[in-house]
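Asker: Sequence:
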Amino acid sequence: MEIEKIDDNIYEVPIGYRPGMRVPGRIFVSAALREMVEPGTVDQVANVATLPGIVGHSMAMPDAHLGYGFPIGGVAAFKEQGGIISPGGVGFDINCGVRLLR
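Heads up, our numbering is the position in the sequence shown plus 207, with the first residue counted as 1.
Mixed in with the good hints, there may be bad ones.
For each label pair, taking beta carbons as the anchor points, the in silico distance ranges come out as [unchecked claim]:
id: 1; residue 1: Gly260; residue 2: Ala239; range: 33 to 41 angstroms
id: 2; residue 1: Glu245; residue 2: Gly223; range: 19 to 27 angstroms
id: 3; residue 1: Glu245; residue 2: Glu211; range: 16 to 24 angstroms
id: 4; residue 1: Gly289; residue 2: Lys212; range: 26 to 34 angstroms
id: 5; residue 1: Lys212; residue 2: Gly247; range: 19 to 27 angstroms
id: 6; residue 1: Ala239; residue 2: Lys286; range: 30 to 38 angstroms
id: 7; residue 1: Pro221; residue 2: Met243; range: 20 to 28 angstroms
id: 8; residue 1: Glu211; residue 2: Gly276; range: 19 to 27 angstroms
id: 9; residue 1: Glu242; residue 2: Pro221; range: 14 to 22 angstroms
id: 10; residue 1: Pro269; residue 2: Ser293; range: 17 to 25 angstroms
id: 11; residue 1: Asp215; residue 2: Gly263; range: 14 to 22 angstroms
id: 12; residue 1: Glu211; residue 2: Gln288; range: 29 to 37 angstroms
id: 13; residue 1: Lys212; residue 2: Ile292; range: 31 to 39 angstroms
id: 14; residue 1: Ala238; residue 2: Pro259; range: 28 to 36 angstroms
In case anyone wonders, no lab produced these hints; they're calculated from the structure. Quick caveat: nothing in here was measured; it's all calculated off a predicted structure. Idealized CB from N, CA, C, for every residue including glycine.
Using the sequences and the hints, build the whole thing.
Answerer: Structure, rendered in structure tokens:
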């Protein structure tokens, strides 16, 4: 299954790209940057979309690239009840920019 351009600089990873996806993925890149997004990065966007309690979309910003679990440059929000907390989602690098908000 392919990702689809849904607007200028927005590509969607549709539910069904990977079994168990709860929400679609969104990748925010220009057409030129889209050509440089690694297939593994798209797979990681889809993987995040399978996590319990995710809301909205699994998202990847223009700097997205392969991470540890989440893509680097990935964004996801989860329900307080029934969702997950994953401070190490993208890895354990110093200043990786992970924020946990309550």
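Asker: Confirm or reject each hint.
Answerer: Results of checking the hints against the structure:
The hinted window of 33 to 41 angstroms between glycine 260 and alanine 239 holds, with their beta carbons roughly 35 angstroms apart. Restraint check, glutamate 245 to glycine 223: a C-beta distance of roughly 21 angstroms satisfies the suggested window 19 to 27 angstroms. In this structure, glutamate 245 and glutamate 211 meet the distance hint of 16 to 24 angstroms, their C-beta atoms being roughly 18 angstroms apart. In this structure, glycine 289 and lysine 212 meet the distance hint of 26 to 34 angstroms, their C-beta atoms being roughly 32 angstroms apart.
The hinted window of 19 to 27 angstroms between lysine 212 and glycine 247 holds, with their beta carbons roughly 20 angstroms apart. Checking the proposed 30 to 38 angstroms range against alanine 239 and lysine 286 shows it holds: the Cβ atoms sit about 36 angstroms from each other. The hint said 20 to 28 angstroms for the Cβ distance between proline 221 and methionine 243, and at roughly 21 angstroms that hint holds. Roughly 24 angstroms separates the CB atoms of glutamate 211 and glycine 276, a value that falls within the hinted 19 to 27 angstroms.
One distance hint, 14 to 22 angstroms for the beta-carbon pair glutamate 242 and proline 221, holds here, with the actual separation near 20 angstroms. Checking the proposed 17 to 25 angstroms range against proline 269 and serine 293 shows it holds: the Cβ atoms sit about 22 angstroms from each other. Between aspartate 215 and glycine 263 the Cβ separation comes to about 20 angstroms, which falls inside the hinted range of 14 to 22 angstroms. Glutamate 211 and glutamine 288 have their C-beta atoms about 32 angstroms apart, which keeps the hinted 29 to 37 angstroms range intact.
Checking the proposed 31 to 39 angstroms range against lysine 212 and isoleucine 292 shows it holds: the Cβ atoms sit about 33 angstroms from each other. Range check, alanine 238 to proline 259: Cβ separation about 34 angstroms, and the 28 to 36 angstroms hint holds.
This entry satisfies every hint, going by the numbered hints stated previously.
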